[in-house]
Amino acid sequence: AQSVTQPDIHITVSEGASLELRCNYSYGATPYLFWYVQSPGQGLQLLLKYFSGDTLVQGIKGFEAEFKRSQSSFNLRKPSVHWSDAAEYFCAVGSYTGTASKLTFGTGTRLQVTL
Amino acid sequence: GAVVSQHPSWVICKSGTSVKIECRSLDFQATTMFWYRQFPKQSLMLMATSNEGSKATYEQGVEKDKFLINHASLTLSTLTVTSAHPEDSSFYICSARLPSGTDTQYFGPGTRLTVL
Numbered sequence: 007a008q009s010v011t012q013p014d015i016h017i018t019v020s021e022g023a024s025l026e027l028r029c030n031y032s033y034g035a036t037p038y039l040f041w042y043v044q045s046p047g048q049g050l051q052l053l054l055k056y057f058s059g060d061t062l063v064q065g066i067k068g069f070e071a072e073f074k075r076s077q078s079s080f081n082l083r084k085p086s087v088h089w090s091d092a093a094e095y096f097c098a099v100g101s102y103t104g105t106a107s108k109l110t111f112g113t114g115t116r117l118q119v120t121l
Numbered sequence: 261g262a263v264v265s266q267h268p269s270w271v272i273c274k275s276g277t278s279v280k281i282e283c284r285s286l287d288f289q290a291t292t293m294f295w296y297r298q299f300p301k302q303s304l305m306l307m308a309t310s311n312e313g314s315k316a317t318y319e320q321g322v323e324k325d326k327f328l329i330n331h332a333s334l335t336l337s338t339l340t341v342t343s344a345h346p347e348d349s350s351f352y353i354c355s356a357r358l359p360s361g362t363d364t365q366y367f368g369p370g371t372r373l374t375v376l
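Those sequence lines, one after another, are chains A and B. Going from the first sequence to our numbering is simple: count from 1 and add 6. Going from the second sequence to our numbering is simple: count from 1 and add 260.
Isolated chain B, as found in the complex:
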């Protein structure tokens, strides 16, 4: 149980284009999902908290207009990197929190984004 998937696993795009990454909770409903960014050999940095049916909460320093988050259903959150540039190249990982009563996040397998 508590499986989270991400799509795509990896993506290469040209500078200036937009890329959408999907995060799905496969066997549970997640009112809250999280998006992290991980640079090579570094830890995970929380980018934003995605709440179903409401606006995402972004961490300080994360550009809302650049990293668009949509959480339209209880099993799907999307992260769109708009007008991507090489410095946006990174490993993006999402997680989903089980419904209330527990406080554990389950992580997706990650998406490797390379911007040329």
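So here's chain A without its partners, still in its complex pose:
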């Protein structure tokens, strides 16, 4: 069964600083990998996804993530954080069963941005 580990429960960065959120996955085949962001009391918004091809994927809001098969990682990065980026970030791995994809989420990383 697939699993996702987000080792950092809570991260605080200053506005304008760079950001890296860690994600490690366990999956037997080539994974589908996703990063979602959730603001308080809201649903999830897709930031970016990796299915195949270029291992560096670009997403919305200036985020990017790099798939490293050798490290089973899919870390999320942003060069300069804005105060509006404060939210909960979830990494997820998808398993395709032929009819639908089942997502397994990590426990999330809460990002706090100080001014």
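Please note that the accuracy of each hint is not assured.
[Claimed, not checked] 27 Å max Cα-Cα, derived BS3-like pairs, lysine-lysine:
{"no.": "1", "chain 1": "A", "residue 1": "Lys55", "chain 2": "A", "residue 2": "Lys67"}
{"no.": "2", "chain 1": "B", "residue 1": "Lys280", "chain 2": "A", "residue 2": "Lys108"}
{"no.": "3", "chain 1": "A", "residue 1": "Lys108", "chain 2": "A", "residue 2": "Lys67"}
{"no.": "4", "chain 1": "B", "residue 1": "Lys280", "chain 2": "B", "residue 2": "Lys324"}
{"no.": "5", "chain 1": "B", "residue 1": "Lys274", "chain 2": "B", "residue 2": "Lys301"}
{"no.": "6", "chain 1": "A", "residue 1": "Lys55", "chain 2": "A", "residue 2": "Lys74"}
{"no.": "7", "chain 1": "B", "residue 1": "Lys280", "chain 2": "B", "residue 2": "Lys315"}
{"no.": "8", "chain 1": "A", "residue 1": "Lys108", "chain 2": "B", "residue 2": "Lys326"}
{"no.": "9", "chain 1": "A", "residue 1": "Lys67", "chain 2": "B", "residue 2": "Lys301"}
{"no.": "10", "chain 1": "B", "residue 1": "Lys324", "chain 2": "A", "residue 2": "Lys108"}
{"no.": "11", "chain 1": "A", "residue 1": "Lys55", "chain 2": "B", "residue 2": "Lys301"}
{"no.": "12", "chain 1": "B", "residue 1": "Lys301", "chain 2": "A", "residue 2": "Lys108"}
{"no.": "13", "chain 1": "B", "residue 1": "Lys315", "chain 2": "A", "residue 2": "Lys108"}
{"no.": "14", "chain 1": "B", "residue 1": "Lys280", "chain 2": "B", "residue 2": "Lys301"}
{"no.": "15", "chain 1": "B", "residue 1": "Lys324", "chain 2": "B", "residue 2": "Lys274"}
Calculated directly from the structure, the hints in this document are not laboratory data. Just so it is clear, the structure is predicted and the values come from calculations on it, not from any experiment.
Given the structure of chain A, go ahead and fit chain B onto it with the hints provided.
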């Protein structure tokens, strides 16, 4: 594109009553929708996969008779929490998968259920 809505956004009900939550894909047809449950400050747990025109597939440990799912059209899935109890209070989020050719789920804004 790929907008998913949920209704209601929040609901408070008395213990023992049933509550229906709707999930709609607004600008695409979704043959598959998913229902998740999220406890405070925790991750999302998949409850069931809802397939249009067929029975839902429930995850292990999820009571089928308590959480009734109906996916009667390509744009609407409903989750009914029957005989709700305080322990059912949670944040329920649905997602819809785009038609075949892609494998991405788009999420609704969630429904906060509080059972008194």
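Would the pair Lys108 of chain A and Lys67 of chain A pass a check requiring their Cα atoms to be no farther apart than 27 Å?
-> 26 Å, holds
When you check the alpha-carbon spacing of Lys324 of chain B and Lys108 of chain A, does it fall within 27 Å?
-> With a Cα-Cα distance of about 18 Å, the restraint between Lys324 of chain B and Lys108 of chain A holds, given a limit of 27 Å.
Below or equal to 27 Å on CA atoms is what counts here, so check Lys315 of chain B against Lys108 of chain A.
-> The hint holds at about 17 Å.
Is Lys274 of chain B within 27 Å of Lys301 of chain B, Cα to Cα?
-> 24 Å, holds
With a cut-off of 27 Å on the C-alpha distance, tell me whether Lys301 of chain B and Lys108 of chain A pass.
-> Judged against 27 Å, a Cα distance of about 22 Å means the pair holds.
27 Å limit on alpha-carbon distance, applied to hinted pair Lys280 of chain B and Lys315 of chain B | Holds - the C-alpha atoms of Lys315 of chain B and Lys280 of chain B are around 17 Å apart, at most 27 Å.
For the pair supplied as a hint, Lys324 of chain B and Lys274 of chain B, is the alpha-carbon distance within the 27 Å limit?
-> Measuring from Cα to Cα gives roughly 21 Å; hence the hint holds.
Would the pair Lys55 of chain A and Lys301 of chain B pass a check requiring their Cα atoms to be no farther apart than 27 Å?
-> 23 Å, holds
Would you mind confirming whether the straight-line C-alpha gap from Lys55 of chain A to Lys74 of chain A stays at or under 27 Å?
-> Answer holds: Lys55 of chain A to Lys74 of chain A is near 14 Å, not above 27 Å.
Is the Cα-Cα distance between Lys55 of chain A and Lys67 of chain A 27 Å or less?
-> 14 Å, holds
Regarding the pair Lys280 of chain B and Lys324 of chain B, is the alpha-carbon distance no greater than 27 Å?
-> 15 Å, holds
Assess, step by step, whether the Cα of Lys280 of chain B is no farther than 27 Å from the Cα of Lys108 of chain A, and give holds or violated.
-> 24 Å, holds
Of the numbered hints stated above, none is contradicted by the structure.
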